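Here is what each chain is made of, one letter per residue.
2 protein chains.
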Amino acid sequence: MTIRIGIVGYGNLGRGVESAVRQSPDMELAAIFSRRDPASISPLTPGLKVVSVSEAGSWKGAIDVMILCGGSATDLPTQTPEFASHFNVVDSFDTHACISDHYAAVDAAAKKANHLGIISVGWDPGLFSLNRLISQAILPQGNDETFWGKGVSQGHSDAVRRLRGVKDARQYTIPVDEALARVRSGEKPSLTARQKHLRQCYVVAEEGADRELITHEIKTMPNYFADYDTTVHFITEAELQRDHAKIPHGGFVIRSGVTGMNGQNAHVIEFSLKLDSNPEFTASVLVAYARAAYRLACQGHSGCRTVLDVAPALLDPRSAEELRRTLL
Amino acid sequence: MTIRIGIVGYGNLGRGVESAVRQSPDMELAAIFSRRDPASISPLTPGLKVVSVSEAGSWKGAIDVMILCGGSATDLPTQTPEFASHFNVVDSFDTHACISDHYAAVDAAAKKANHLGIISVGWDPGLFSLNRLISQAILPQGNDETFWGKGVSQGHSDAVRRLRGVKDARQYTIPVDEALARVRSGEKPSLTARQKHLRQCYVVAEEGADRELITHEIKTMPNYFADYDTTVHFITEAELQRDHAKIPHGGFVIRSGVTGMNGQNAHVIEFSLKLDSNPEFTASVLVAYARAAYRLACQGHSGCRTVLDVAPALLDPRSAEELRRTLL
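Same order as they appear, the protein sequences are chains E and U. Using our numbering, the letters of the first sequence correspond one by one to residues 1 to 328. Using our numbering, the letters of the second sequence correspond one by one to residues 1 to 328.
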């Protein structure tokens, strides 16, 4: 019996879930649910049903886990609790400051309907959170730092695009090698934003735009760029298409800590990701946690969970016996 | 109410547990149990009780989790099931080929007595197994490699010490940088033992010993050295004491995999450890999992678990709410 997956929202993340499910022998795609006109959507998978999201309710019983692929700003805060009333759900809610509220809303809805929800799944929050937790629990006397990149920041790219005279733009966040080396050495440096990350902007300017003004406006933009060393490169639209079409990302969680009666021995735990496609990787994490949500629900559990609460063996299609035999 | 910990076996690992428990505000050390004459043992912690292991039974009810710090070859196969009849237990059993049998024995004893046991805790098996599992579940179309070192291999050091004319020796296992780089690049190379690791031996020879013969015997020793590029350095006993007294170790688990409808996007997940003291770090992992064993037992669970079965939040003393708020 395969796990029947529904995809809610068919953007980059939804398409990533579609291809990740196809790599999962224990899963099948049931349908895509979209707010757009279903006739306007051509799934990558021939024959896969596309349904208006307003009709999702009639799919109760035909879908084991709904994977919610909308945005954290406006979609997920209402969508995840709503869908948790009818389905087991997984989402990638990533507004760090609002996770406790979102958890409470999903927990209440899921418990009432006897469903299982896992929220804030992905890599940060997600796998990075998991590694912070495990490394802090093992080395309580220590310090950890997270570095992001090299990768495209959607928020910073958007901020540049909003400037007058900018036609299109891509912003990369890049960890500073020297800072990485200092943290890895166990030095526990106190690093400013500027010392940890560089920002690199590729900008397509409109014809006749004042490039010096654009550069100045970017570099002095509060919150987004003013606290960082930022470089601005003007390129053509064709160059942007050719060289900056992918959405790579990644990063590092590094914890250093000490053990021994006098803290005489130092240890470094490092977890890192290097991703060609941020949405496809996030989707792959969502699909693994959808498997866990299904299994927890089958075991009679309900309510909300995060990656911190899920036993790792639940993520893998193999049996507990096989995992012990092959991985330990 | 603090978690009362007993330590069974007071070698390097037991001493590591002792110092790790002292970093844990929710735990206290109840006693050390040893096969040696208790009067001959001076714990690092003033006033800590040392008891003959034969009297452990009378501590039932006074200890929440026993951490078994004996060896995998002869101690743990009998000790862990035995102690699981009287206590919740955690061990670092690391004979990979025998883990399934050990699991079955501990599971039967623990279930019968309504206790909880977690076996094969440490970093390999342990944290490395966890990372293999998570990265395989997320990137099912991929390949992973484990590298060990730079670190002291006790087994290889012993093999050199057994040679005629060798007074003492230390063997380091060292990952080959080029192999690491190829795996990180996502290349999925098929690597021989020789291509993955170097072996470096520091040998104190007895007076008048034939150093050329010793070098030859090391380099051609089947299983241990013949399949590797091995270097042999002769040093004095004083140099061995001064430069090779620590027991460092570490390693890398690197998985590369692809996503997308045509596998067009590549991703690399890497987990690595750099440890000044192998036994102290292993002990710190044992102590975090002892916390999980206690909590699982309190929730009414019994039987055997491995790191693959334990939800990460159980490892940390903080509440689930605080973890969500601070780590996600």
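There may be inaccurate statements among the hints.
Short, incomplete list of chain E residues facing chain U, as computed with Cβ under 8 Å [to be verified]:
| id | residue |
| --- | --- |
| 1 | ILE41 |
| 2 | SER42 |
| 3 | SER284 |
Label pairs and their calculated CB-CB ranges [unchecked claim]:
| id | chain 1 | residue 1 | chain 2 | residue 2 | range |
| --- | --- | --- | --- | --- | --- |
| 4 | U | LEU191 | E | ARG182 | 38 to 48 Å |
| 5 | U | CYS298 | E | ALA108 | 18 to 28 Å |
| 6 | E | ASP26 | U | GLY300 | 38 to 48 Å |
| 7 | E | LEU191 | U | GLU187 | 28 to 38 Å |
| 8 | E | ARG36 | U | ASN114 | 29 to 39 Å |
| 9 | E | SER40 | U | LEU191 | 46 to 56 Å |
| 10 | U | ASN262 | E | GLY47 | 41 to 51 Å |
| 11 | U | SER185 | E | LYS49 | 32 to 42 Å |
| 12 | E | GLY263 | U | ARG318 | 17 to 27 Å |
| 13 | U | SER185 | E | ARG182 | 17 to 27 Å |
The hints are simulated quantities; they were obtained by calculation from the structure and are not laboratory data. Note that this is a predicted model, so its numbers are computed, not measured. Quick reminder that beta carbons are idealized off the backbone N, C-alpha and C, glycines included.
Evaluation of the provided hints:
A hinted interface residue such as ILE41 of chain E counts as satisfied when its beta carbon comes closer than 8 Å to some beta carbon of chain U; here the least separation is about 16 Å, so the hint is violated. The interface hint given for SER42 of chain E is violated, since its Cβ lies 13 Å from the closest Cβ of chain U, which is over the 8 Å cut-off. Look at SER284 of chain E: its Cβ gets to within about 5 Å of chain U, closer than 8 Å, so that hint holds up. For the pair LEU191 of chain U and ARG182 of chain E, the beta carbons lie near 32 Å from each other, so the given range of 38 to 48 Å is not met.
Between CYS298 of chain U and ALA108 of chain E the CB atoms are about 26 Å apart, so this pair conforms to the stated range of 18 to 28 Å. A C-beta distance of roughly 29 Å is found between ASP26 of chain E and GLY300 of chain U, which places it outside the suggested range of 38 to 48 Å. Taking the beta carbon of each, LEU191 of chain E and GLU187 of chain U are about 33 Å apart, inside 28 to 38 Å as hinted. The hinted range of 29 to 39 Å is not satisfied by ARG36 of chain E and ASN114 of chain U, whose Cβ atoms lie roughly 56 Å apart.
At about 49 Å, the beta-carbon gap between SER40 of chain E and LEU191 of chain U stays in the expected band of 46 to 56 Å. Between ASN262 of chain U and GLY47 of chain E the beta carbon distance is about 18 Å. The supplied range of 41 to 51 Å is therefore violated. Separation of SER185 of chain U from LYS49 of chain E is about 40 Å and conforms to the stated range, judged on CB atoms against 32 to 42 Å. Take GLY263 of chain E and ARG318 of chain U: their Cβ atoms lie about 21 Å apart, and the range 17 to 27 Å holds.
Look at SER185 of chain U against ARG182 of chain E: about 25 Å separates their beta carbons, and that is inside 17 to 27 Å.
Hint violations for this structure: numbers 1, 2, 4, 6, 8 and 10, all remaining hints satisfied.
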